[in-house]
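*Asks:* Chains as they are written, first to last, in the numbering used here: chain A, 1 to 272; chain B, 1 to 272.
If a hint is listed, it holds; no wrong ones were tucked in.
No copy labels: a pair is met if it fits in one copy or bridges any two.
Heads up, simulated DMTMM-like pairs for lysine to aspartate or glutamate below, C-alpha to C-alpha not over 20 Å straight-line:
#, residue 1, residue 2
1, K128, E165
2, K73, D114
3, K109, D24
4, K218, E259
Hints in this document: simulated from the structure, not taken from any laboratory. As the structure is a prediction and not an experimental result, all values here were calculated from the model.
2 protein chains.
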Amino acid sequence: MSNQELTEQILKKKSFLCVGLDVDLEKIPTYLLSEEDPIFSFNKAIIDATHKFCVAYKPNIAFYEANGIDGWKALEKTINYLHQEYPEIYSIADAKRGDIGNTSRMYAKTFLKDLGFDSVTVAPYMGKDSVEPFLEFENKHAILLALTSNEGAFDFQTQKIDGEELYKKVIRVSQTWENADRLMYVIGATKAEFLTEIRKIIPENFLLVPGVGTQGGKLEDVCKYGLSKNVGLLVNSSRKIIYASESSNFAEIAGAKAEILQRQMAEELRQL
Amino acid sequence: MSNQELTEQILKKKSFLCVGLDVDLEKIPTYLLSEEDPIFSFNKAIIDATHKFCVAYKPNIAFYEANGIDGWKALEKTINYLHQEYPEIYSIADAKRGDIGNTSRMYAKTFLKDLGFDSVTVAPYMGKDSVEPFLEFENKHAILLALTSNEGAFDFQTQKIDGEELYKKVIRVSQTWENADRLMYVIGATKAEFLTEIRKIIPENFLLVPGVGTQGGKLEDVCKYGLSKNVGLLVNSSRKIIYASESSNFAEIAGAKAEILQRQMAEELRQL
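Isolated chain A, as found in the complex (with noise of 0.2 Å):
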């Protein structure tokens, strides 16, 4: 999907909700374990309950592995329903990944080409050819970990190398590499203060939001600063609407969470 199509499903539907779909056995309700498949039912239940009022899903790939073969399953079932059900929604596989070039092209192949997401998260620590990889894929994107959401982001990305932060650094110095403009960026909600520096240097790529919610971010901050002209946000929300509720209507539930989250966005999208 192009950065332009994602846009103009933002602007149709008023939302730039992505959900997160990081299905734990234990936070689910309990009368789904004994179904043949509880996970993809799980996620089949919310992704129908909630397509209307977000753009983009999120499986956390840590979620599946932790399930095995199983959970390599739930997750091809899932990105095919999703594909043939709602096939203008964007998908991001988050699995952080990155590694030297040619096992960087493995994983490339397996998410964006062979399971066919819109997009994979990867982490930038080992440089330019542990990324390049991901970006060979016309239509695709390469989501790059800038400045994320946790207490351990002060540790290293906010240091500052020659006077500038290495989460800054790592996305001045990425946007110089082939096929840039297939990139975008994590950054946490919980430091919404800072996307006015970075929208300096990005103004236009999109920003993957995550940490509304569960984790305390706020939304009128993350939009007050980093908004763009094409919205150029995805926010994403998972614990608070995919475990709201853990009866057998969790699915409904999850959707009404999912739209008040939408409505709020269709006010900020108002004032662009």
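Dock chain B against the given chain A, drawing on the hints supplied.
*Replies:* Showing chain B alone in chain A's frame:
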């Protein structure tokens, strides 16, 4: 496996060789492709032929994920075979994972508990809380990316923060984390000259050194600057061993290649 047990195995076998099981279906002997599980058949043959000359195996997870469910099955079979047949050998899941704390915890459980690897490689970009969950397992290790063997290492890792290169800061800061004695570090053989400085910060921690062979690093340089009093080195070779031949006696030739490296290592150990 504890550091001490690993050192004892090294001294007994006179080898600190790690064989990288980076199995690419396009590179293995074509006659294996007709077998039920070509990846496992290849690994089994390589392991049986090389186990006398090495102390560790390191499957790079990208190569398994690239084959989806079949890849995961082959990975499980490989690690189970290793545990059953050669329980004294150290195992490394080369996964280069790292995420926010509760998600890193899932990855740690997957590789260190469920699959039962002795260690997993971890990316440091997201800081302390992304790494510590990998350090909660007794007699297991997290192997932190510090200075990698690829060209992209110069993009960020060697950049200076307050006069100190990022990779050194990663090593130094990570040594203050909980259970830091369970940390090993990835240091590329292509940058052996950096080892003197690294040994000043961590005189005893094990270093996993890739890049000997195909990537051009030299074993004698790695030993000259990297050997500690407890050996403290695992030197990895992948393609130069496992793809040394495409003929039906590929495993035998891989064994011979491993033995050549083992003999060089025995020489180096004699000088300890």
